[in-house]
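Chemist: Heads up: the sequence lines are chains A and B, in that order.
Numbered according to the working numbering, the first sequence spans residues 404 to 835.
Numbered according to the working numbering, the second sequence spans residues 3 to 464.
Honestly, the hints are just simulated from the structure, not real lab data.
Misleading hints may appear alongside valid ones.
One-sided and incomplete, this derived list gives chain A residues near chain B with beta-carbon spacing under 10 Å [stated by the list, open to error]:
1. Gly-457
2. Tyr-607
3. His-609
4. Leu-612
5. Lys-769
6. Asp-823
Beta carbons: idealized from backbone N, C-alpha and C, even for Gly.
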Amino acid sequence: MSNHGFPGRPSRRGALASAFGLGISIQFLGTRAFADADGGLSRRRLVVIICRGGLDGLSLSPPVGDSAYAALRGPIAIGGFGQPGGALKLDGTFGLHPSLTAVHALALKGQARIAPAVATPDRERSHFEAQDVLENGGRVAYGVTSGWLNRALEAMGPSGKVRAMSLGPTAPLVLRGKIETVSWSPGGGQGHDTRLAGILQDLYAHDPLLGPALAGGLATQSMATVVTQEEAAQPASAPAADMMATNAGGKSGGAPQARRMGTMLAAFMTQPAGAQVAAVEMDAFDTHARQGAAEGLLATRLVSLDAFLDGLQAGLSHPAGGGPDAWRDTVVVLATEFGRTARVNGTGGTDHGTASTALLLGGALKTGGIVGDWPTLAQNRLFENRDTAPTLDMRGLFKGVLRDHLGIDRARLDTLVFPDSAQVAPVSGLVV
Amino acid sequence: MTIDRNIEAAVAVTRFGLGARAGEIDRARIDPHAYLASQIRPQGADPTQDAPPTTAQREKEYAAFKEARKLEKEDSGNKTDDTVKMARRVLRNDAAGDFLARTQLAVTTPNAFRERWALFWANHFTVSAAKNQAAALVGPFENEAIRPHVFGRFEDLLVASSTHPAMLHYLDQVGSVGPDSPVAQGRQSTGKRAGLNENLAREILELHTVGVEAGYTQADVTEFARAMTGWGVDGLDGDPERAGEFKFHERMHEPGARMIMGRRYPDGGEDQARAVMRDLAASPHTAHHVSIKLARHFVADDPSPILVERLRRSYLDTGGNLSALAHTLVVSPEAWDPTPQKFKTPYEFLVSAWRATEVTPRDMGAMSAALTSMGQKPFAPPSPKGWAEEAQEWCAPDAIVKRMNWSEGFSPTACGDRDPMRLADNALGARLTPLVARAISRAETRGEGLSILLMSPEFQRR
């Protein structure tokens with residue numbers, strides 16, 4: 404069977420039923436009620452995407468023009484511009500992973516940019532700690548229990564309304580805090596995370612009870628998923644693009660569902676009283692083995708990511724319920740807790756590293772080149788002789804977006820949103 | 003037999019208890035046997051709440067529901083419909099509240115061996131909400147008939163269970179009338195049928211006391227049912243103070259002596275069946291039946307015969323003293339085998355997950371959905387036999403996927419900012435295997451780490 408579900412996401416039918424059948428919309432109370440008295444700020448939208456597991460920046464935006472790149476990466480190096488399966492060109496040095504066709508199309512319009520050597524202040528290379536720091540906006544893990552995005556809402560002043568949401572079963576730390584937010588996930592946990600299932604199958608390998616039970620259960624469930632999808636893939640319920648992607652075979656990696664999630668989020672954000680700020684989590688970027696290059700484990704995740712962003716962009720540009728183009732007022736920031744080692748490891752993957760790529764997208768983005776400096780991959784420039792060296796503090800990137808897009812002043816950014824960070828300047832020139 | 007103290011501490015808390023809360027294994031390590039023994043106390047298990055709802059209250063609510071339904075049928079009008087719905091909702095909320103309270107006790111109690119012991123006996127004397135009328139009575143039944151007696155004499159527990167309105171309703175004893183009783187004679191003249199209902203008598207023999215291996219006959223069952231006629235519930239038309247409580251209805255009782263399993267019981271009204279129960283409680287068959295069930299519940303689906311014999315002797319030597327039996331179990335070396343043989347039931351799984359994370363469940367809807375999806379609908383075992391002990395019953399493929407899905411949904415929030423490896427150490431102590439520890443350390447997120455812990459072979463077992 405070639406049609407694998409987007410991990411953790413159930414069928415499209417389930418998603419539709421949850422979203423439209425159960426009155427989800429009532430949760431997003433009027434947020435932009437106070438019109439345009441604030442100079443259009445209330446029209447601005449921000450989506451923050453947290454990629455968990457350590458997304459490999461050198462594959463997301465491969466520096467194929469960097470002379471050290473191909474040798475360091477060996478079998479997982481993305482090919483040069485113009486080669487089959489090669490990088491999609493951004494400039495003389497950088498391209499995008501070949502799976503990111505929608506992102507590339509936006510980049511050509513000046514609506515997508517990369518920050519190729521960005522890192523949080525954390526240097527421990529622990530997922531849990533690094534994700535904490537990425538999301539709490541502090542300098543150390545466990546230091547702050549609320550997220551910087553929630554505190555940004557606080558800094559924006561009272562609205563008396565719910566104006567932020569997250570996609571997923573629970574709110575990520577970045578959105579947790581004093582300000583009320585909502586979260587939405589399709590299907591109420593009917594899906595199963597293929598990653599967890601895989602780990603458990605390994606753990607159960609010699610378990611005479613649990614091993615066969617889980618294998619049997621998963622087989623039954625994936626059959627049920629296919630059946631539901633086939634049912635959902637009726638012309639009435641599925642956009643043609645989704646069906647084509649589904650029929651293209653196993654490489655779609657759940658792209659139709661991911662795209663659907665993007666349009667669902669866009670639908671939430673373009674309702675008359677929709678959410679202005681959203682947080683999205685994606686996981687399974689911890690590619691220690693068999694990472695692949697143009698195709699493979701990571702490519703599969705990136706296909707989903709691209710489809711999600713494509714759906715989000717399409718949905719915001721042409722709101723399903725009518726209304727004006729919202730994409731032109733939108734900024735999307737994608738970040739991960741850390742990058743991965745510059746060198747390929749012994750199992751065709753990469754291990755926990757330091758700097759990675761952050762992705763910026765949106766119609767509100769200012770045209771420009773890469774954000775921050777590129778330290779190069781020359782051996783003497785690698786951080787601790789293994790990782791991409793950070794040249795930009797993640798907080799500076801976030802601050803630049805929050806200041807210029809959402810109008811939060813520097814003083815609040817330095818104290819409330821990112822505590823004790825006066826020395827980290829907002830990056831200028833990101834937003835129109 | 004020398005067993006590592008660390009393993010003993012982990013076994014004490016996870017096998018005899020309900021899973022470790024933070025620091026619990028450390029406390030048990032000082033003296034694992036004493037840790038368990040100190041939880042045994044003559045006054046019984048803990049009530050699920052302070053001043054828990056009573057059977058009498060619930061009987062009145064049920065009567066209101068029946069009355070509303072009757073009116074609806076007669077009237078088929080408009081507003082009675084809502085009255086029925088409301089009355090039904092009251093009963094449903096009652097049962098949900100009882101189950102939630104019981105679960106919260108299990109999740110928070112520092113005396114989890116005591117609670118497991120109580121849950122064992124509640125399951126031994128099953129009353130199931132699968133039968134409508136009993137649904138709102140299961141909670142009061144556990145609090146009134148089971149918990150006070152679980153460390154007393156087995157005979158008292160048996161009588162308390164068999165005289166409780168919940169059991170009398172559940173196993174249809176309330177409608178059982180002696181064929182030659184005054185009530186039956188009176189009904190004959192009006193053309194109404196009245197007669198024996200053997201249900202409770204049979205289950206007392208088969209499930210609660212001697213077990214089928216004792217070799218009783220159908221005649222024994224019928225005779226015991228006759229002896230029990232009259233055991234019922236006080237009607238709501240009588241003394242309102244006693245409404246819904248146990249009552250012996252003299253006029254429903256079958257007159258005459260009974261022969262049960264070779265013994266003669268002269269007519270003694272209510273005391274006739276009590277005398278039967280006294281002998282049943284003292285029977286070596288009951289000693290064996292209870293012992294093998296205990297060993298099966300606490301130690302292994304197929305327990306060591308040595309352990310069963312040890313328990314049986316304790317039971318017989320002490321006249322069915324359940325405190326002594328609990329002490330015997332705790333000091334039996336066979337019960338401390340480091341290899342876990344028991345696969346957790348869904349309830350045990352969820353309770354232990356909540357204990358491991360120190361999360362107190364508050365959403366009955368979600369809990370009910372989860373338990374139902376894993377095959378253990380709250381308060382609703384499918385038969386008077388109660389919930390099964392065997393791993394195969396609970397380890398069905400779909401149920402494992404359901405456990406995985408639940409863990410996945412539960413873990414991110416439950417783990418919060420905590421290190422899943424620390425939770426694993428707290429939850430399993432020396433029972434945590436290197437394989438699982440490594441998998442947790444490699445987890446991509448805290449939530450995933452906790453999911454791996456909860457779904458690990460050692461956490462799924464006890």
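Chemist: Which hint numbers does the structure go against, in order from smallest to largest?
Modeler: When the structure is compared with the hints, numbers 5, 6 turn out to be violated.
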